Amino acid sequence: MSGKFQEVLEKVGGIGRRQLAIFAAINLTDFVTAWTIMLPVFTGMIPHWTCPVTGHNLNLTNSTNRINGTSTVGIYNITMADGNSSLVQRDVCQKNATFGICDGIQYVSDFTSVVTEWNLICDLDEISDLITTIQMIGIVFGAFLISHLADMFGRKKVWISVVTLNSMVGFANAFSPYWEMFAAMRFFNGMASGGLLILSFIWPLEFIGTKYRSICGAVSFWQIGTMCLALLAYFVRDWRTLVMVTSLFPGVLFWILYRFLPESPRWLAMNNRLEEAMAILEAIAKTNKKPLPDKDVLQKAVEEDKNIEEKLKKYNFSDLFRTPTSTLHTLVLMFVWFVCTSSYYGLSLNVKHMPGDIYVTTVLLGLVEWPAVLSTTCLNNVIGRRPTMFGYNLIGSLAMLSVIIVHLSGQMESQEILITVLALVGKMGISSAWAVAYLYTAELFPTVVRSIGCGAASIAGRIGGVVAPQFVYLAKVTPVLPFILFSSLGLAAAFTGLLLPETRSKGLSDALPEWSWCGRNRTTGDDDRDDITRHQG
Numbered sequence: 460m461s462g463k464f465q466e467v468l469e470k471v472g473g474i475g476r477r478q479l480a481i482f483a484a485i486n487l488t489d490f491v492t493a494w495t496i497m498l499p500v501f502t503g504m505i506p507h508w509t510c511p512v513t514g515h516n517l518n519l520t521n522s523t524n525r526i527n528g529t530s531t532v533g534i535y536n537i538t539m540a541d542g543n544s545s546l547v548q549r550d551v552c553q554k555n556a557t558f559g560i561c562d563g564i565q566y567v568s569d570f571t572s573v574v575t576e577w578n579l580i581c582d583l584d585e586i587s588d589l590i591t592t593i594q595m596i597g598i599v600f601g602a603f604l605i606s607h608l609a610d611m612f613g614r615k616k617v618w619i620s621v622v623t624l625n626s627m628v629g630f631a632n633a634f635s636p637y638w639e640m641f642a643a644m645r646f647f648n649g650m651a652s653g654g655l656l657i658l659s660f661i662w663p664l665e666f667i668g669t670k671y672r673s674i675c676g677a678v679s680f681w682q683i684g685t686m687c688l689a690l691l692a693y694f695v696r697d698w699r700t701l702v703m704v705t706s707l708f709p710g711v712l713f714w715i716l717y718r719f720l721p722e723s724p725r726w727l728a729m730n731n732r733l734e735e736a737m738a739i740l741e742a743i744a745k746t747n748k749k750p751l752p753d754k755d756v757l758q759k760a761v762e763e764d765k766n767i768e769e770k771l772k773k774y775n776f777s778d779l780f781r782t783p784t785s786t787l788h789t790l791v792l793m794f795v796w797f798v799c800t801s802s803y804y805g806l807s808l809n810v811k812h813m814p815g816d817i818y819v820t821t822v823l824l825g826l827v828e829w830p831a832v833l834s835t836t837c838l839n840n841v842i843g844r845r846p847t848m849f850g851y852n853l854i855g856s857l858a859m860l861s862v863i864i865v866h867l868s869g870q871m872e873s874q875e876i877l878i879t880v881l882a883l884v885g886k887m888g889i890s891s892a893w894a895v896a897y898l899y900t901a902e903l904f905p906t907v908v909r910s911i912g913c914g915a916a917s918i919a920g921r922i923g924g925v926v927a928p929q930f931v932y933l934a935k936v937t938p939v940l941p942f943i944l945f946s947s948l949g950l951a952a953a954f955t956g957l958l959l960p961e962t963r964s965k966g967l968s969d970a971l972p973e974w975s976w977c978g979r980n981r982t983t984g985d986d987d988r989d990d991i992t993r994h995q996g
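Quick note, the sequence shown lines up with residues 460 to 996 if you use the working numbering.
These are calculated hints, taken from the structure and not from any lab test. Careful: at least some of the hints might be erroneous.
To be verified - In silico DMTMM-like links for lysine to aspartate or glutamate, alpha-carbon gap of 20 angstroms or less:
1. K748 to E469
2. K811 to E469
3. K754 to E576
4. K463 to E763
5. K670 to E469
6. K745 to E735
7. K749 to E665
8. K463 to E734
9. K765 to E466
10. K470 to E762
11. K759 to E466
12. K463 to E741
Stated by the list, open to error - Quick list of simulated restraints, FRET-style, between CB atoms:
13. M627 to S568: 23 to 33 angstroms
14. L826 to A483: 17 to 27 angstroms
15. R696 to W829: 25 to 35 angstroms
16. Y693 to R963: 38 to 48 angstroms
No experiment lies behind these values; they were computed from the predicted model shown. Note that the Cβ used here is the ideal one computed from N, Cα and C, for glycine as well.
Turn these sequences into a full structure, and let the hints guide you.
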């Protein structure tokens with residue numbers, strides 16, 4: 460999204476009231492996408508439960524019983540008269556024992572969830588996290604598919620289509636009679652969310668001048684969306700109602716905004732719809748009190764940008780591994796992205812297994828990201844990218860390592876506030892490290908493979924998102940196990956990141972190193988690379 464068109468955009472005003480309004484309206488997509496992606500935190504909550512038991516002269520032992528022929532439930536058996544029953548609470552299932560008959564689960568909670576709806580405990584206790592994994596897989600597919608559709612058919616049409624899909628599927632999801640149907644539809648919600656995350660980043664920035672893109676690119680309503688979801692879930696305790704509300708409200712809101720949002724002027728210009736692009740640029744120029752753009756200048760800028768894009772198409776994924784240095788940079792960044800994403804989503808989703816109030820903790824986990832982003836922006840420019848990313852990865856890892864120490868001391872339940880504070884510090888560290896990784900990735904890869912490199916790192920990150928729910932599931936083995944994984948991976952990412960060169964106060968590289976062209980059959984020569992150097996950056 461650089462080149463001659465950006466120069467035209469700068470002339471009509473890099474940023475103004477109209478552009479800020481467009482940016483804010485489109486960025487609301489992050490607000491509701493957070494609802495979709497983080498919804499499993501509340502729809503998958505696990506309550507305490509009790510079990511009515513019928514038996515004959517039962518002893519004070521633990522036993523396991525089948526429920527509906529599928530789940531095993533551990534209960535405390537007590538001595539009682541023939542035919543009588545007793546409610547005995549037992550939240551941990553045990554296997555390889557049969558004594559007594561469980562007449563059905565009774566949940567002790569003020570909320571409902573998919574767990575209470577379909578008895579997803581004991582033998583089925585992995586299903587809730589599996590559903591979240593399926594949603595995350597949908598995000599991977601959606602990011603690929605919908606980004607390509609947006610390039611083909613335009614940002615605006617694809618955006619409203621995906622918003623509509625997300626709302627319709629989400630609403631239908633609230634009426635799922637079986638968990639299998641619920642899981643299948645969460646895949647499509649994930650697809651929609653993956654595409655919306657891409658569109659909410661690319662589309663608004665195509666209205667913003669180069670000088671302001673880094674600031675605007677760091678702004679996201681994701682954190683506010685997460686906090687508002689916790690507030691909404693606090694008041695809406697029925698999971699089906701919560702799914703309906705979080706699906707219908709975004710659809711209605713965005714259909715209202717749709718009529719006021721313009722298509723990306725850059726996409727219009729690059730697809731030979733210059734008149735429409737000119738109309739949008741003229742409206743921006745009038746708002747910013749800048750001179751109107753010249754159509755001939757715009758057409759020439761578009762032609763030059765198209766030539767550059769054609770040259771960039773000669774590069775592919777294999778170019779990231781043409782030299783030892785580029786291979787090292789690529790693998791390290793992919794690993795860092797994997798760790799940051801898996802830890803970020805893992806900590807966010809693991810809140811249901813942590814002591815304390817789930818609603819308050821979720822709000823705090825969203826709130827802590829604001830100082831994380833602000834401090835990262837300052838430290839990046841003061842001490843550099845490498846020490847900042849190292850420091851925040853280290854802080855996050857040590858915080859999660861401290862949770863392990865508290866657990867080993869046997870005070871996990873009694874130190875509720877301490878555990879919450881450590882989780883918040885861990886989340887802040889991971890969020891900050893991820894923010895640095897975004898910038899680091901864009902700066903380390905040369906212009907000719909920058910998009911490919913960022914895409915590769917993003918793929919690694921999405922894989923991290925897919926495995927995150929499975930990391931969370933390990934908390935059912937022991938509550939501290941996810942923290943062992945997060946801290947270990949975080950420490951590895953911290954020290955691995957030191958292999959990357961510092962990029963602070965250094966210009967962006969535009970071409971691959973000269974010696975990396977040796978032995979390659981390319982038609983692009985030095986003149987082509989110089990041309991790219993002049994117009995990319």
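To see whether the hints hold, each was checked on the structure:
Annotation: proposed proximity of K748 to E469 holds, straight-line Cα distance about 13 angstroms (limit 20 angstroms). A hinted pair counts as satisfied when its Cα atoms are at most 20 angstroms apart, and K811 with E469 does not qualify at roughly 47 angstroms. Our distance criterion of 20 angstroms between C-alpha atoms is broken by K754 and E576, whose separation comes to about 61 angstroms. For the hint pairing K463 with E763, the CA-to-CA distance comes to about 7 angstroms; that is within 20 angstroms, so the pair holds.
Between K670 and E469 the alpha-carbon distance is near 9 angstroms, which keeps this suggested pair within the 20 angstroms criterion. Between K745 and E735 the alpha-carbon distance is near 16 angstroms, which keeps this suggested pair within the 20 angstroms criterion. Pair hint K749 plus E665 holds up; C-alpha atoms about 18 angstroms apart against a cutoff of 20 angstroms. Only pairs whose Cα atoms come within 20 angstroms are accepted, and K463 paired with E734 is accepted, the gap being roughly 18 angstroms.
A distance of roughly 15 angstroms separates the Cα atoms of K765 and E466; the hinted pair therefore holds under the 20 angstroms criterion. Among the hinted pairs, K470 with E762 is consistent with the structure: their alpha-carbon atoms are about 18 angstroms apart, no more than 20 angstroms. Pair hint K759 plus E466 holds up; C-alpha atoms about 12 angstroms apart against a cutoff of 20 angstroms. At most 20 angstroms may separate the alpha-carbon atoms for a hinted pair to count; K463 and E741 meet this at roughly 17 angstroms.
For the hinted restraint 23 to 33 angstroms between M627 and S568, the CB-CB distance of approximately 30 angstroms keeps it satisfied. Separation of L826 from A483 is about 20 angstroms and conforms to the stated range, judged on CB atoms against 17 to 27 angstroms. One distance hint, 25 to 35 angstroms for the beta-carbon pair R696 and W829, holds here, with the actual separation near 28 angstroms. For the pair Y693 and R963, the supplied restraint of 38 to 48 angstroms holds, since their beta-carbon distance comes to about 43 angstroms.
Violated hints for the displayed structure, listed by number in ascending order: 2 and 3.
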